[in-house]
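There are 2 protein chains.
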Amino acid sequence: MNEEAILDAIRPFTVGIGDDAALWQPSRSHRSAISSDMLVEDVDFTRNAMSLEDVGWRSMAANVSDLAAMGARPVLATVALGLPKETSLDEIRELYGGLARCAARSKLAIVGGDLSRAVALTIAITVVGEVRPSNVKTRAGGRPGDVLAVTGPLGAARAGLELTRQSAAIGDDLVVEALRAFRHPQPRDREGRFLAASANVAAMMDCSDGLSTDLSRLAAGCGCGAEVESVPVAPSARAFAEARGEDAARFALAGGEDFELIVAIRPRAFRHVAMRYVRRFNRELLRVGVLRSARGVIYEGTPLGRAGWDHFEG
Amino acid sequence: MNEEAILDAIRPFTVGIGDDAALWQPSRSHRSAISSDMLVEDVDFTRNAMSLEDVGWRSMAANVSDLAAMGARPVLATVALGLPKETSLDEIRELYGGLARCAARSKLAIVGGDLSRAVALTIAITVVGEVRPSNVKTRAGGRPGDVLAVTGPLGAARAGLELTRQSAAIGDDLVVEALRAFRHPQPRDREGRFLAASANVAAMMDCSDGLSTDLSRLAAGCGCGAEVESVPVAPSARAFAEARGEDAARFALAGGEDFELIVAIRPRAFRHVAMRYVRRFNRELLRVGVLRSARGVIYEGTPLGRAGWDHFEG
Chain X
3 MNEEAILDAI
13 RPFTVGIGDD
23 AALWQPSRSH
33 RSAISSDMLV
43 EDVDFTRNAM
53 SLEDVGWRSM
63 AANVSDLAAM
73 GARPVLATVA
83 LGLPKETSLD
93 EIRELYGGLA
103 RCAARSKLAI
113 VGGDLSRAVA
123 LTIAITVVGE
133 VRPSNVKTRA
143 GGRPGDVLAV
153 TGPLGAARAG
163 LELTRQSAAI
173 GDDLVVEALR
183 AFRHPQPRDR
193 EGRFLAASAN
203 VAAMMDCSDG
213 LSTDLSRLAA
223 GCGCGAEVES
233 VPVAPSARAF
243 AEARGEDAAR
253 FALAGGEDFE
263 LIVAIRPRAF
273 RHVAMRYVRR
283 FNRELLRVGV
293 LRSARGVIYE
303 GTPLGRAGWD
313 HFEG
Chain B
3 MNEEAILDAI
13 RPFTVGIGDD
23 AALWQPSRSH
33 RSAISSDMLV
43 EDVDFTRNAM
53 SLEDVGWRSM
63 AANVSDLAAM
73 GARPVLATVA
83 LGLPKETSLD
93 EIRELYGGLA
103 RCAARSKLAI
113 VGGDLSRAVA
123 LTIAITVVGE
133 VRPSNVKTRA
143 GGRPGDVLAV
153 TGPLGAARAG
163 LELTRQSAAI
173 GDDLVVEALR
183 AFRHPQPRDR
193 EGRFLAASAN
203 VAAMMDCSDG
213 LSTDLSRLAA
223 GCGCGAEVES
233 VPVAPSARAF
243 AEARGEDAAR
253 FALAGGEDFE
263 LIVAIRPRAF
273 RHVAMRYVRR
283 FNRELLRVGV
293 LRSARGVIYE
303 GTPLGRAGWD
313 HFEG
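Top line first, the protein sequences correspond to chains X and B.
For the first sequence, our numbering gives the first residue as 3, with consecutive numbering after it.
For the second sequence, our numbering gives the first residue as 3, with consecutive numbering after it.
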């Protein structure tokens, strides 16, 4: 049993599971977007690897990132917590502090939620946002020839996760970069809204399960395939991979939790969009490849397997 | 540590935890409402007491009920599931079947969600609804003298829960009534919208934690107290309590999960609202007491303690 099999089983009961967030229309001139995530201790996070403040931040960041991928501005969140018996009020405050600080960064309000006892600490967040109808981006708008780009270099969060388990012979500043990317990721909500406002941005999603997995989802959503031409690797990921004798690009391709956005942009507009992006954010919009009509994702001439995280496999 | 202590700890980080659902304004003429619930196996439900189809139905019903209590029409839901390793696809289909049937009853769409591994089966639902600004009801609108009423008799769900643990010498049809109330509760969303449309309905909430607990919350929300004059007891609850030698009214006062609505209605309008209610729903709107200026809830001349369910006590 894997995640796809479960999604197939529940699809008949649902409407449109498949994008980062779902959309509805509260009035003619508005679209709202909603996204939910559940995180379970020792499945989705461990306290060995990060503080509860970090757990809260990352949980909220993951939801904000899902809305960013639709071009939506996050407005509010609900938080349901499952708390083991031994949880202290100080621990709850620490966790909530992380949730609230990440929410404040995106100017969204935590408006309610629920509390239950649980065996393992469980955090279920729902974020709602607003988006102009003309700015909505899904995973389906791309077509062959569109340029694929990401909002930042990849792999640092994976390096950070692995550094919480084993040290590596890399510089201290790179360790800091990697741990920060893993524990305190910056969702790309401003970048998402900026890109969503361009008619030449055809499709968008976030890269939370690793570029190889998420790119194959984006390409499938667009009814086509993709070729990866180059992988922008974060300095800490490159150093970590090389210290272990691994290929840095393949390390970054398989690394999840980066929360960068993947966008498909009309080829004639790519240079212009990338130039405006760098002026606005002082960071580069990084070309990673192109959409193509043949199905599947290829890299260096061979098909790229999905290497990302699946809760239900193995 | 109890639930109130935890809520106090997280209140500084949040906006307006306290009503059944939170509200926001996607455009000038609209209000949206949102509510989240988390249910954990062996805490909030057990498979001994009900099927997974029932678990799904009740989980969705609890969320619909929260929106009903604000006068909102449910529009969509997200469902995040934490699944233990041994969960089969058939079990997931059964659970989702219950979720989807209850959602269909209220014409709401399940639009997305999340899947994670978990130690115990965990269901986190968020429901979003819409409500006309003029129809919004909170827990705060009542004032001394308002008549308190409930949308149906109470206690059947508690009798049903207890009947899953021990049999009682009551009629078979009463057993069926009680088990149905517990396993397959009917959220009062149509009743909630009907009552919300009346300017004479001053405050509303659902009665999911037992009338004694929820009435003290409603009265506190209105900045006043309440007197319980009479408790409408469901036939199965009366028979069950009497078979055990207990006072039926006090049994029903302490029984949670009934999902009836509690409303505060301007005294001069109560008869009129109740008459229109019975014509519309062919059931009675049942008077239970009045709001009064002195704090606390009294019944038969003595203060009524909170007897409802608290996850975090004991």
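FYI, nobody ran anything at the bench for these hints, they're computed from the structure.
Virtual Cβ for every residue (Gly too), placed ideally from N, Cα, C.
Certain hints may be false.
[As the list claims (entries may be wrong)] Partner residues are not named here, just some residues of chain X that face chain B (Cβ under 10 Å, in silico): (1) LEU83; (2) ASP92; (3) ALA296.
Here is how each hint holds up against the structure:
no.: 1; hint: LEU83; verdict: holds (7 Å)
no.: 2; hint: ASP92; verdict: holds (8 Å)
no.: 3; hint: ALA296; verdict: violated (30 Å)
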